[in-house]
Amino acid sequence: MDNRKRAVWGTRLGFYFAAIGSAFGLGNVWRFPYVVTENGGGAFVLLYLFFLFLIGMPLLMAELMLGKTTRRSVVAALDRVRRPMKLKQRGGLNGDLSVDDKSDSWFVRFLPSVGKVSVLVGLIVLAYFGVISGWVLYFLGHTLGALVLGQEFSPDLALTTLLENGWLQVVLTSVHLLLVIIVVAKDVEDGLERWVGFMMPVFGVLMVALASQTLL
Numbered sequence: 001m002d003n004r005k006r007a008v009w010g011t012r013l014g015f016y017f018a019a020i021g022s023a024f025g026l027g028n029v030w031r032f033p034y035v036v037t038e039n040g041g042g043a044f045v046l047l048y049l050f051f052l053f054l055i056g057m058p059l060l061m062a063e064l065m066l067g068k069t070t071r072r073s074v075v076a077a078l079d080r081v082r083r084p085m086k087l088k089q090r091g092g093l094n095g096d097l098s099v100d101d102k103s104d105s106w107f108v109r110f111l112p113s114v115g116k117v118s119v120l121v122g123l124i125v126l127a128y129f130g131v132i133s134g135w136v137l138y139f140l141g142h143t144l145g146a147l148v149l150g151q152e153f154s155p156d157l158a159l160t161t162l163l164e165n166g167w168l169q170v171v172l173t174s175v176h177l178l179l180v181i182i183v184v185a186k187d188v189e190d191g192l193e194r195w196v197g198f199m200m201p202v203f204g205v206l207m208v209a210l211a212s213q214t215l216l
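Taken in order, the sequence shown gives residues 1 to 216; the numbers are from our numbering.
Hints are computed from structural coordinates only; laboratory data are not their basis. Hints are supplied without guarantee of correctness; some may be wrong.
Quick list of the computed label-pair ranges, beta carbon to beta carbon [claimed, not checked]:
| hint | residue 1 | residue 2 | range |
| --- | --- | --- | --- |
| 1 | 63 | 151 | 43 to 51 Å |
| 2 | 69 | 41 | 37 to 45 Å |
| 3 | 182 | 30 | 18 to 26 Å |
| 4 | 190 | 143 | 23 to 31 Å |
| 5 | 153 | 38 | 21 to 29 Å |
| 6 | 40 | 182 | 36 to 44 Å |
| 7 | 174 | 212 | 31 to 39 Å |
| 8 | 65 | 143 | 35 to 43 Å |
List time: in silico DSBU-like cross-link candidates among lysine-lysine, alpha-carbon distance up to 30 Å [said to hold, decoys possible]:
| hint | residue 1 | residue 2 |
| --- | --- | --- |
| 9 | 186 | 68 |
| 10 | 68 | 116 |
| 11 | 116 | 186 |
Predicted model only: the values in this text are computed from it and were never measured. Don't be surprised by glycine CBs; every beta carbon is placed ideally from N, CA and C.
From just these sequences and the hints, can you work out the full model?
This is the structure:
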């Protein structure tokens, strides 16, 4: 029996911040102004928000309910959902449990694979988001240098320098991943929840500023 204490969220607000942050990620900040400008401005924003809630919210709610019900990782959660479905398909608790898995429907057999693919997709997303987040650190340093120290800052020159220096990108990506590891290695309440409580309000202000600047 596993007697380890399961990590829990300290407040609902911290959980909501984390859920919103998972739905509105770096891609919204990184490509949002360009995509809005290229696709009609305000009309695109309205359609974007409409489809975001139409498609994204049901998926987010389903994911949250799956996690709350099973309290397991995505692979283990989908496998646990699969077992009751197999019982129902084979005649309930009194059904023939000795039937080979080949008799299951394709959907039931496919569920564990969905969990494994989602983990793989997460690793792929982390691979390139880690690089982009390193770019964010790079430009953040240049921006602070220009604002605080009065240094000259040319975005085009800075981007060219960054793209031509592979080792600099490796260092920046490593720094970002190290910061992520430090945060997630702590308890949920002291690590992730504390940081999203600070970053999500800042992220919200940044998104409003970007949307306003893009639409003007």
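Going down the list of hints, with the structure as the test:
{"no.": "1", "hint": "63 to 151: 43 to 51 Å", "result": "44 Å, holds"}
{"no.": "2", "hint": "69 to 41: 37 to 45 Å", "result": "42 Å, holds"}
{"no.": "3", "hint": "182 to 30: 18 to 26 Å", "result": "23 Å, holds"}
{"no.": "4", "hint": "190 to 143: 23 to 31 Å", "result": "29 Å, holds"}
{"no.": "5", "hint": "153 to 38: 21 to 29 Å", "result": "26 Å, holds"}
{"no.": "6", "hint": "40 to 182: 36 to 44 Å", "result": "41 Å, holds"}
{"no.": "7", "hint": "174 to 212: 31 to 39 Å", "result": "35 Å, holds"}
{"no.": "8", "hint": "65 to 143: 35 to 43 Å", "result": "41 Å, holds"}
{"no.": "9", "hint": "186 to 68", "result": "21 Å, holds"}
{"no.": "10", "hint": "68 to 116", "result": "19 Å, holds"}
{"no.": "11", "hint": "116 to 186", "result": "25 Å, holds"}
Hint violations for this structure: none, all hints satisfied.
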